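Student: If you're matching them up, the sequences are chains V and S in order. When we follow the numbering used here, the leftmost residue of the first sequence carries the number 16, and every step to the right adds one. When we follow the numbering used here, the leftmost residue of the second sequence carries the number 23, and every step to the right adds one.
To be clear, the hints were calculated from the coordinates, so they are not data collected in a lab. Hints are supplied without guarantee of correctness; some may be wrong.
Have a look at the derived ranges for each label pair, beta carbon to beta carbon [as the list claims (entries may be wrong)]:
| no. | chain 1 | residue 1 | chain 2 | residue 2 | range |
| --- | --- | --- | --- | --- | --- |
| 1 | S | Thr34 | V | Ala164 | 28 to 34 Å |
| 2 | S | Arg57 | V | Leu178 | 18 to 24 Å |
| 3 | S | Gln92 | V | Pro141 | 50 to 56 Å |
Far from chain S, by Cβ distances over 12 Å, these chain V residues were calculated [what the hints assert, rightly or not]:
| no. | residue |
| --- | --- |
| 4 | Leu49 |
| 5 | Arg58 |
| 6 | Asn115 |
| 7 | Pro174 |
| 8 | Val190 |
| 9 | Ala209 |
| 10 | Arg233 |
Here chain V is said to cover these stretches of chain S; the calculated rule only asks that three of the stretch's residues, wherever they fall, bring their Cβ under 8 Å from a Cβ of chain V [unchecked claim]:
| no. | segment |
| --- | --- |
| 11 | 63-69 |
| 12 | 79-85 |
| 13 | 112-126 |
All values reported here derive from a predicted model rather than from experimental measurement. Glycine residues also receive a C-beta, built at the ideal position from the N, C-alpha and C atoms.
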Amino acid sequence: MPAPRPDSQQASAGVPAGEDLGDRTGDRAGARALARTPAQAFRHGMVQSLAFLIVIVPFAVLFGVVATEAGLDVAQVMGFSVLVLAGASQFTAVQLLSDNASAFIVIVSGLAVNLRMAMYSASLVPWLRGATGRQKLWIAYALIDQSYALSIQHYERHPRLSLQQRLAYFAGAAVALCVPWIVATWVGATVGQAIPDDIALDFAMPITFLAMIAPMLRTPAHLAACFVSIVAALALAGLPSGLGLLIAAPIGMATGALVEKRMANRDGGPA
Amino acid sequence: MTASPSPLTVWTVILVLGIGTFLIRWSFLGVLGNRPLPGWVLRMLRYTPVSVLPALVAPLVMWPEATAGQPDPARLSAAAATLLVGLLTRNVILAILAGGITLFGLLYVLG
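Turn these sequences into a full structure, and let the hints guide you.
Tutor: Here's what the structure looks like:
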């Protein structure tokens, strides 16, 4: 993930008022982005989110179905999607709950899956620093992978957007992504109650996890982290439910970090 | 997925996980501000999903509960198909479909 440098960009763009440094590309899309009213920026954020719904909606339906199959009632399933609002950790928590893992292990594992969002939060600071406390609460609530990815790309591409335009764009994306997540979860929970028990839904969760993991394996470091954590988890499978995960995951994380560092040293080492 | 977890446990998990996740998201925006993360923390964070999720899923694939912990050709093939399609297409939904079709196809063929 490239680190944004909005502060330096803005600092350099702020000085020469006559010169148009607004958008590096100087394209028409850039001019349009700068000319949008907050309401238009909101709609723009919504429209650009639509493509993600192809993934988000079936994913949320699936969560509703498997969580219901795991024995949760509709209120609990909705509680997850409204209060946690994070797909991978919702699936993780439900899987561990259905394995009768202790609440402590379920919570720690679910939070570990969401730790990456601290990075999102940090990288939005330079762009949204001026927002009010209340606005920041809403941003934090709706900061999911897709709303983050869309917004940070938009902000970096158009560094001279006003704070209002940035906030409106985020709000549009957040509404278009989070509301369908919640509604589709409810659909899934309702459908799940109607599905007969003899269908092999036990494997829906593992397949979903694998489908989430595969696209993340972008670099040798990611592959190494994944491989080591699988080996460790299988070796530790005899431990009480969920405990092997809590040991295997940090080993995998350390492996990924180590491989990344070694590769960076090799690539960027003294010539 | 037999015995349902107790409602108290489930709601505790939902509330604490919800609050904790919110605090993670709010952390830098809300209180920590522009403080830079140390490099090693950033590196570890980058690999949390690819470490936690595989560690969670590996035992489920190897020793499925539905077959009383016996490795199962249909489920192993479904897992392989999901990973393969996921790696090739980078598309989560296509990968899930590939896994689901493989699983139900093989369960049907193998009886």
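Student: Compare the structure with each hint and give your call.
Tutor: Outcome of the hint check:
Checked against the hint of 28 to 34 Å, the pair threonine 34 of chain S and alanine 164 of chain V passes, with Cβ atoms roughly 31 Å apart. For arginine 57 of chain S and leucine 178 of chain V, the hinted distance range of 18 to 24 Å is satisfied, since their beta carbons lie about 21 Å from each other. Distance hint check for glutamine 92 of chain S and proline 141 of chain V: the Cβ-Cβ separation is about 53 Å, which falls inside the suggested range of 50 to 56 Å. At the 12 Å boundary, the C-beta of leucine 49 of chain V stays outside the reach of chain S, the nearest C-beta of that chain being 24 Å off.
For arginine 58 of chain V, the requirement that its beta carbon stay farther than 12 Å from each beta carbon of chain S is met, with the minimum near 24 Å. For asparagine 115 of chain V, the requirement that its beta carbon stay farther than 12 Å from each beta carbon of chain S is not met, with the minimum near 7 Å. With 12 Å as the threshold on Cβ separation, the claim that proline 174 of chain V sits away from chain S holds: the shortest Cβ distance comes to roughly 17 Å. In this structure valine 190 of chain V is separated from chain S by more than 12 Å, as the shortest Cβ-Cβ distance comes to about 17 Å.
Annotated as non-interface, alanine 209 of chain V keeps its C-beta farther than 12 Å from every C-beta of chain S; the closest such distance is 17 Å. The claim that arginine 233 of chain V lies off the interface is violated: its Cβ sits roughly 9 Å from the closest Cβ of chain S, which falls inside the 12 Å cut-off. A stretch counts as covered by a chain when three or more of its residues have a beta carbon under 8 Å from one of that chain; for the segment 63-69 of chain S and chain V the count is 6, and the coverage holds. Using a Cβ-Cβ cut-off of 8 Å, 7 residues of the segment 79-85 of chain S lie near chain V, which meets the minimum of three, so the contact claim holds.
For the segment 112-126 of chain S, the proposed coverage by chain V is satisfied: 10 residues have a C-beta within less than 8 Å of a C-beta in that chain, meeting the threshold of three.
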